[in-house]
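A.B. asks: Chain by chain, the residues run as shown.
There are 2 protein chains.
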Amino acid sequence: MSHIFKQHLQKFISVSEEEFEAILSYFKTIHVSKKEILQQEGKICRWQYFVLTGCLRKFMTNEKGVEVTTEFAIETWWLSDNRSFELQAEALFSIQAVENSEILTIDSQSMEKLYQDFPIMERYFRFVYQRAFAAYQMRIKYLYTFSKEDYFFHFYDSYPQFAQRIPQYLLASFLGLTPEYLSELRKKRVTATDR
Amino acid sequence: MSHIFKQHLQKFISVSEEEFEAILSYFKTIHVSKKEILQQEGKICRWQYFVLTGCLRKFMTNEKGVEVTTEFAIETWWLSDNRSFELQAEALFSIQAVENSEILTIDSQSMEKLYQDFPIMERYFRFVYQRAFAAYQMRIKYLYTFSKEDYFFHFYDSYPQFAQRIPQYLLASFLGLTPEYLSELRKKRVTATDR
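In the order they appear, the protein sequences are chains A and B. Note that my numbering has the first sequence beginning at 1, numbered continuously upward. Note that my numbering has the second sequence beginning at 1, numbered continuously upward.
Any copy will do: because identical chains look the same in the list, a pair fits if it lies in one copy or spans two.
Calculated cross-link-like contacts (lysine-lysine; reagent style BS3-like; alpha-carbon spacing at most 25 Å): (1) LYS141 <-> LYS35; (2) LYS35 <-> LYS64; (3) LYS141 <-> LYS43; (4) LYS188 <-> LYS148; (5) LYS11 <-> LYS113; (6) LYS64 <-> LYS148.
Hints in this document: simulated from the structure, not taken from any laboratory. These numbers come from a predicted model, not from an experiment.
Please take these sequences and the hints and turn them into a complete structure.
C.D. replies: In structure tokens, the structure reads:
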């Protein structure tokens, strides 16, 4: 499945087959089962994860002991507790597999060595972070602008396949809704589409 | 004031005096007056801004016509509508000077040329975006976890000088509070500190 990573690299940088094989050797491929925990809140986050197939989620546990999902990652998305990874500080988030998944992982020492040996990877990750940051700015805009109901409709219309694929209780937690209210909103949307 | 930029570069990369002068030549220095608009929502964002002195804010206008501030930038912070800058698409945000400010600016063509001529700048901006992204993840955590009141107290305690420096109606707009309620919360905090 490493061709998925190669295709993603080639969206941003140009690497030969030989270079790609060398770059790939800094990563490990792991297979995780649905619901498996990859990273626990409070522990140092030692890995960055790139999803080849499947789906991961990032979450935290709020004061009431309720899990709140703050991010999902499907194919070609990176996921990590970035602050914890960079500073090797306690993670504020946990990471769990939502589906059986095949994941590329890299630890911080290998990452730094990769940057030294292949400076072109600075450019690749500059783009990855630049886009991730821009996406978060959009998200802040939505959180400040939309009601929870509007946010649901926006999300549902923008990412219909994703909204279908994710377990509904996790989608509810991501959108800040109760599962019951999410179910009501979905029915509303289906009825509106049927008209 | 360009030494402020040099110091910031040297937090992440090593550049000689000569290289720094060459890098600096890709940027322009501008002076903007308090309340001056640098970027308007709906127009293409052609610039990235690095604050040497002063303060900028990013904001959008919501459905009710009210300005909502989503970001501030003080000394050594970068600010732009990053999605608009990268894709040369219509900006979703406006940018305005909060104080008289001295700003380094760079347009997207010069930025791409800078990356080509000084690949070390890929590393610098990889760090800039990486940290900006991690900071946004923290912010999402706060937005999902804290009540508006708790968010105010957290902000006020974490960045006391910043909270004092920014006009209070802008701080209220950033924290999603009415100016009246912000004023009440500040009094509460002062009273608590006095005890």
